[in-house]
Amino acid sequence: MLRRGLGLAAILLVFAAPARAGTLGLAEVRAADGTLLGKAGAGAYSYPADGSILRIGWSRVTAARVELRNVSMFNGRITVRRLVVPSRGPAGARIAGLVVHGTSFVVGPNAIIPLDGGRYLVALHEAVSTGRTGYVRVALLSFVSEP
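Here the numbering used here runs 6 ahead of the position in the sequence shown, where the first position is 1.
A portion of the hints provided could be inaccurate.
[To be verified] Derived Cβ-Cβ restraints for the label pairs, each shown as a range:
(1) A37 / F111: 24 to 30 Å
(2) T68 / P115: 18 to 24 Å
(3) A50 / G124: 16 to 22 Å
(4) A55 / G114: 18 to 24 Å
(5) A69 / P115: 30 to 36 Å
If you are wondering where the hints come from, they were derived from the structure by calculation, not from laboratory data.
Quantities reported herein were computed from a predicted structural model and do not represent experimental measurements.
Each residue gets a CB set at the ideal place from its N, CA and C atoms; glycine is no exception.
Could you build all of it, start to finish, from the sequences and the hints given here?
Written out as structure tokens, the structure is:
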């Protein structure tokens, strides 16, 4: 199931947009061509139904922040105990309990963690947008190439 899932989900984003946190999904699963396969809302979420690609135990979005707890990606190969993304600016963003392939990581902004087969995870990814908000923080971005 994992190989099949990796082929389907070329890009997995767990993110928030600061200016209006509710405008983007708390988490999105996209195909290699960018097609939206799944989008999480507040509360628990699994994609697909068995959660083998993405499972979120709890989530909420407020005017101040987006928070995810008990996140598992790719059958538990990547897990996060708690992820917080502030609604404005980078201060206060954090990932607690990040474990990748059994190894714990404490990360700062734009940390790149290599995965197997040329894949990688970017933690606390920061990006500047030319749109109205001007700034976006991506909490976790996992790039998965075709197997």
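(request) Could you see if the CB distance from A50 to G124 stays within 16 to 22 Å? (result) violated, 31 Å
(request) Please test the hint of 30 to 36 Å on the beta carbon pair from A69 and P115. (result) violated, 23 Å
(request) Return holds or violated for the Cβ distance of A55 and G114 against the range 18 to 24 Å. (result) 35 Å Cβ-Cβ, so the 18 to 24 Å window is violated.
(request) Confirm or reject the claim that A37 and F111 have a C-beta distance inside 24 to 30 Å. (result) Distance hint for A37, F111 holds at roughly 27 Å.
(message) Can you tell me whether the CB distance of T68 to P115 sits inside 18 to 24 Å?
(response) holds, 22 Å
Of the hints listed earlier, those the structure fails to meet are numbers 3, 4 and 5, in rising order.
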